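Per my numbering, residue 1 is the first one in the sequence shown, and the count goes up by one each step.
Any given hint could be a false lead.
If you anchor each label on the Cβ, the simulated ranges turn out as follows [unchecked claim]:
1) 143 x 98: 17 to 25 Å
2) 27 x 98: 16 to 24 Å
3) 28 x 106: 15 to 23 Å
4) 30 x 138: 18 to 26 Å
5) 11 x 75: 16 to 24 Å
6) 24 x 75: 17 to 25 Å
7) 145 x 23: 14 to 22 Å
8) 24 x 48: 35 to 43 Å
9) 123 x 49: 17 to 25 Å
Because the hints were derived from the structure by calculation, they are not lab data. Given the structure is predicted, the values throughout are model-derived calculations rather than measurements. Virtual Cβ for every residue (Gly too), placed ideally from N, Cα, C.
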Amino acid sequence: MFQTIPYEGTRHEQFESVLGQLRALIHDESNTIANLANASALLGHFLPDINWSGFYLYDGTELVLGPFQGLPACIRIPLGRGVCGTAAAEQRTLVVDDVHAFPGHIACDAASNSEIVIPLVKNGELIGVLDIDSPLKGRFDHEDRVFLEEFTAILVSSL
1 MFQTIPYEGT
11 RHEQFESVLG
21 QLRALIHDES
31 NTIANLANAS
41 ALLGHFLPDI
51 NWSGFYLYDG
61 TELVLGPFQG
71 LPACIRIPLG
81 RGVCGTAAAE
91 QRTLVVDDVH
101 AFPGHIACDA
111 ASNSEIVIPL
121 VKNGELIGVL
131 DIDSPLKGRF
141 DHEDRVFLEE
151 FTAILVSSL
């Protein structure tokens, strides 16, 4: 059972606590939707100053909305379009300090000002992306990136 807990200690210690919670959530669970739903809820609860946290899943042609926390979102994103589509097409993490300056940005939530997108790749194959938005410009830093890349690596191992 999970309950709201205060995250204490250094930022690194807090990240380690969340990674431990993720491991517990996905332990012995093979359902992709269940694992992605719990992962988005965990991040939505833990990360301050965000307004959207969730997944887009690759259907072989484009990214399709998956489990998330936040306002209703764009349903389909072509590869190579916007931050999510670009991160998916290039299979690399993108940290965007000001989404309004990103060419081709897709505005699903007008309150979003910065974004981080981490591709989910297993055995060289694109599964989807983790997308997190913030109303603050420059919200995501190198430590967030490292933490979220580790978070997605753990998650992908269960998919």
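Verification of the hints:
Range check, residue 143 to residue 98: about 19 Å between beta-carbon atoms, so the 17 to 25 Å window is met. A C-beta distance of roughly 38 Å is found between residue 27 and residue 98, which places it outside the suggested range of 16 to 24 Å. In this structure, residue 28 and residue 106 break the distance hint of 15 to 23 Å, their C-beta atoms being roughly 36 Å apart. A hinted range of 18 to 26 Å is violated for the C-beta pair residue 30 and residue 138, which are about 38 Å apart.
Remark: the range hint 16 to 24 Å for residue 11 to residue 75 is contradicted by a beta-carbon distance near 34 Å. Between residue 24 and residue 75 the C-beta distance comes to about 31 Å, which lies outside the given range of 17 to 25 Å. Residue 145 and residue 23 have their C-beta atoms about 20 Å apart, which keeps the hinted 14 to 22 Å range intact. Hint check: residue 24 to residue 48, Cβ distance near 22 Å, so the stated range 35 to 43 Å is violated.
Restraint check, residue 123 to residue 49: a C-beta distance of roughly 34 Å breaks the suggested window 17 to 25 Å.
Violation of the numbered hints given earlier is confined to hints 2, 3, 4, 5, 6, 8, 9; the remaining hints are satisfied by the structure.
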